[in-house]
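Undergrad: Taken in order, these protein sequences are the chains called A and B. All residue numbers for the first sequence refer to the numbering used here, where the first residue is 1 and numbers rise by one. All residue numbers for the second sequence refer to the numbering used here, where the first residue is 1 and numbers rise by one.
Take these hints with a grain of salt, some might be off.
Listed next, the in silico DMTMM-like pairs over lysine to aspartate or glutamate satisfying Cα-Cα at most 25 Å (straight line) [as the list claims (entries may be wrong)]:
(1) B/123 - A/88
(2) B/114 - B/311
(3) A/94 - B/294
(4) B/165 - A/67
(5) B/114 - A/6
(6) B/114 - A/52
(7) B/165 - B/147
(8) B/123 - A/6
(9) B/244 - B/296
(10) B/53 - B/36
(11) B/353 - B/381
Simulated from the structure, these hints should not be mistaken for lab results.
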Amino acid sequence: MSNKIDANLVRHIGKLSRIELTDAEVDALGCQMADILEYFDKLQELDTQNVEPMAHAVELSNVLADDVQRDSLTAEQALANAPAREGDFFKVPKVLGEGA
Amino acid sequence: MVAQVCNLWLLVVGGTGLQPVAVGGTNEKIMTDNNDNVLPIIGMEIHVELATKTKIFCRCLNRFGDPPNTHTCPVCLGMPGSLPVMNKKAVEYSMKVGLALNCTIAGRTKWDRKNYYYPDLPKAYQISQYDMPLASDGYLEIPLEGDTTKKLRVLRAHLEEDAGKNVHDLPGCTGVDLNRAGVPLLEIVSQPDMNSVAEVTGYARAMQRIVRWLGVSEANMQMGHMRFEPNINLHITRDGKIYKTPIIEVKNLNSFRSLEGAVAFEIRRQYELWQDDPDGFTLEKLGKQNRGYDVDREQTVFQRDKEEAHDYRYFPDPDLMPVVVSSDWRDRVAGEIGELPLARRERFMTEYKLTFEEADSLTMDGPTGDLLDAVVEAGAEAKRCSKLLMSRGLALANEKNCTIAMTGIKAWQLADLAKMQDGGDINATAAAKIFDKMTATGDSPADIAQADGLLIVKDDSQIEKWIDDAIAANPQAVAEIAQGGKKQKKSFSFLVGQVMQASRGAAAPADVQKQLTQKLAE
Ligand SMILES: [Zn+2]
Chain A
1 MSNKIDANLV RHIGKLSRIE LTDAEVDALG CQMADILEYF DKLQELDTQN VEPMAHAVEL
61 SNVLADDVQR DSLTAEQALA NAPAREGDFF KVPKVLGEGA
Chain B
1 MVAQVCNLWL LVVGGTGLQP VAVGGTNEKI MTDNNDNVLP IIGMEIHVEL ATKTKIFCRC
61 LNRFGDPPNT HTCPVCLGMP GSLPVMNKKA VEYSMKVGLA LNCTIAGRTK WDRKNYYYPD
121 LPKAYQISQY DMPLASDGYL EIPLEGDTTK KLRVLRAHLE EDAGKNVHDL PGCTGVDLNR
181 AGVPLLEIVS QPDMNSVAEV TGYARAMQRI VRWLGVSEAN MQMGHMRFEP NINLHITRDG
241 KIYKTPIIEV KNLNSFRSLE GAVAFEIRRQ YELWQDDPDG FTLEKLGKQN RGYDVDREQT
301 VFQRDKEEAH DYRYFPDPDL MPVVVSSDWR DRVAGEIGEL PLARRERFMT EYKLTFEEAD
361 SLTMDGPTGD LLDAVVEAGA EAKRCSKLLM SRGLALANEK NCTIAMTGIK AWQLADLAKM
421 QDGGDINATA AAKIFDKMTA TGDSPADIAQ ADGLLIVKDD SQIEKWIDDA IAANPQAVAE
481 IAQGGKKQKK SFSFLVGQVM QASRGAAAPA DVQKQLTQKL AE
């Protein structure tokens with residue numbers, strides 16, 4: 001593992017992503033992430049001083065829709081794939097407190 | 001100004017036993033008897049839900065109050081494989097707000113993913129704008145006490161999507177309603193330029209007024225269209241040294257009352273904590289913290305920071321293309337804005353010679369101000385119309401809980417009424433009666449005045465007849481006037497009153513007095 005990616009960082013990212021990792025996976029993923037970063041280091045060597053930053057790989061802009069209503073799903077359809085429901089609500093474990 | 005500072009002072013040190021000395025001035029600095037100079041430094045994030053017909057990335061209806069999960073589709077449910085498409089109107093509404101706030105509109109803007117897990121966020125990321133907001137570097141000028149204003153700088157305004165709603169009153173679980181998920185939300189971030197509770201509420205109310213004026217949001221607090229997150233700390237000068245208290249961000253306030261209460265409480269709380277530990281309760285040592293607000297106890301409360309809550313790992317959303325705003329597009333949107341409320345208020349004061357209070361009331365919403373412009377256009381006198389609107393118009397609006405324009409008064413009616421009063425055809429009492437009636441019936445003021453006998457009678461022979469009747473019916477009063485003495489004046493007034501009564505208020509008292517004097521002298 002490179003010095004940029006240590007086991008703690010991999011576990012931290014795993015936690016943020018709600019992914020449980022075994023020690024072996026932490027090692028394997030750490031190496032892969034280090035490889036990716038190394039590749040970016042290589043890209044950093046390019047002179048991009050006169051190149052506009054790119055937000056997207058496709059050269060398109062202003063893909064916009066008019067503000068016109070279309071059909072939505074019914075509550076039944078919306079809830080059809082939910083693991084659990086309570087009336088017409090998606091049911092989740094009790095959330096304490098407000099805000100994210 | 002001093003009185004206002006005193007009020008704030010009471011909020012700041014109420015109950016500490018210090019003898020406050022309040023000092024006015026533009027920054028509303030607060031001094032204590034032990035020479036602490038306390039300056040609240042307050043910035044604010046305001047979230048405004050935009051009143052587009054549909055959501056930001058899908059064409060589900062954007063509507064509050066419907067049964068749960070009736071306005072959803074694969075996009076706003078976060079189904080795999082679904083793709084968002086930006087609502088053009090949401091971009092234009094945001095541009096309008098940005099322009100009205102004197103911001104620079106970015107020529108090129110993009111959308112980013114803000115990653116976090118929460119039940120009301122089905123995709124596990126919110127689409128927002130990170131480093132290229134649509135609008136930046138503007139200001140909002142707010143009215144303060146005594147005809148003054150203050151420019152508060154706006155750092156940025158960016159467009160993002162609202163989350164769904166968690167419902168907590170279900171037994172043993174939380175319910176999620178995704179009707180609100182994907183409603184367009186404009187986040188407006190101010191610089192920390194506010195220094196008092198009054199400035200914070202002034203800013204919040206001015207923002208509500210401006211988004212309503214632009215027609216981009218109903219800004220209805222009960223429906224959650226506007227949410228406030230003020231961040232507050234104090235700069236305290238003691239013995240020439242400046243101390244800064246930790247910056248506290250109060251999350252998710254959804255009424256003006258909570259906003260006012262939370263900021264006032266924070267100022268007091270921070271000053272008290274700092275007094276106990278001037279070198280420990282500081283920004284350097286404690287940094288920034290979040291707090292919530294308990295509406296019932298009127299206190300800000302500790303809020304556990306979720307671990308890694310601020311590690312959002314923003315990155316550009318590959319599902320959305322950048323938006324390029326050409327100068328043509330920007331100019332077209334700017335052209336739709338028209339005159340803004342403060343500019344119009346200023347114009348009403350200079351051009352129409354209205355007082356601040358009149359001009360302020362008549363520029364609370366667009367249509368009421370339009371009404372005044374229309375009556376002036378129709379040749380009526382602005383000041384007279386303003387007086388009518390400020391008396392009966394405002395009273396009716398308050399009765400009906402609506403704007404003056406919404407009471408039903410038409411510009412031509414008001415113009416005719418003002419002209420009649422200025423022309424001496426009706427008196428003020430009659431004008432008020434006619435105002436109410438024409439608003440309700442839609443009839444012309446002239447017809448109402450005629451039908452209800454409210455026209456001032458200028459016909460001398462008619463007045464003469466009433467006078468003759470009054471003289472014939474009251475010989476004793478006539479005799480007392482002829483005798484002179486102390487009863488003369490009273491009897492004369494009595495006869496004038498009799499004539500006015502006979503005319504049902506339609507005669508001009510001055511005319512009656514003049515003719516009666518002549519008659520009695522004959
Ligand atoms: Zn949808």
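Undergrad: State for each hint whether it applies.
TA: Hints and how they fare:
no.	hint	in the structure
1	B/123 - A/88	holds, 20 Å
2	B/114 - B/311	holds, 9 Å
3	A/94 - B/294	holds, 20 Å
4	B/165 - A/67	holds, 23 Å
5	B/114 - A/6	holds, 24 Å
6	B/114 - A/52	holds, 23 Å
7	B/165 - B/147	violated, 41 Å
8	B/123 - A/6	violated, 28 Å
9	B/244 - B/296	violated, 29 Å
10	B/53 - B/36	violated, 52 Å
11	B/353 - B/381	holds, 11 Å
The structure fails hints 7, 8, 9 and 10 (numbered hints given earlier, in ascending order).
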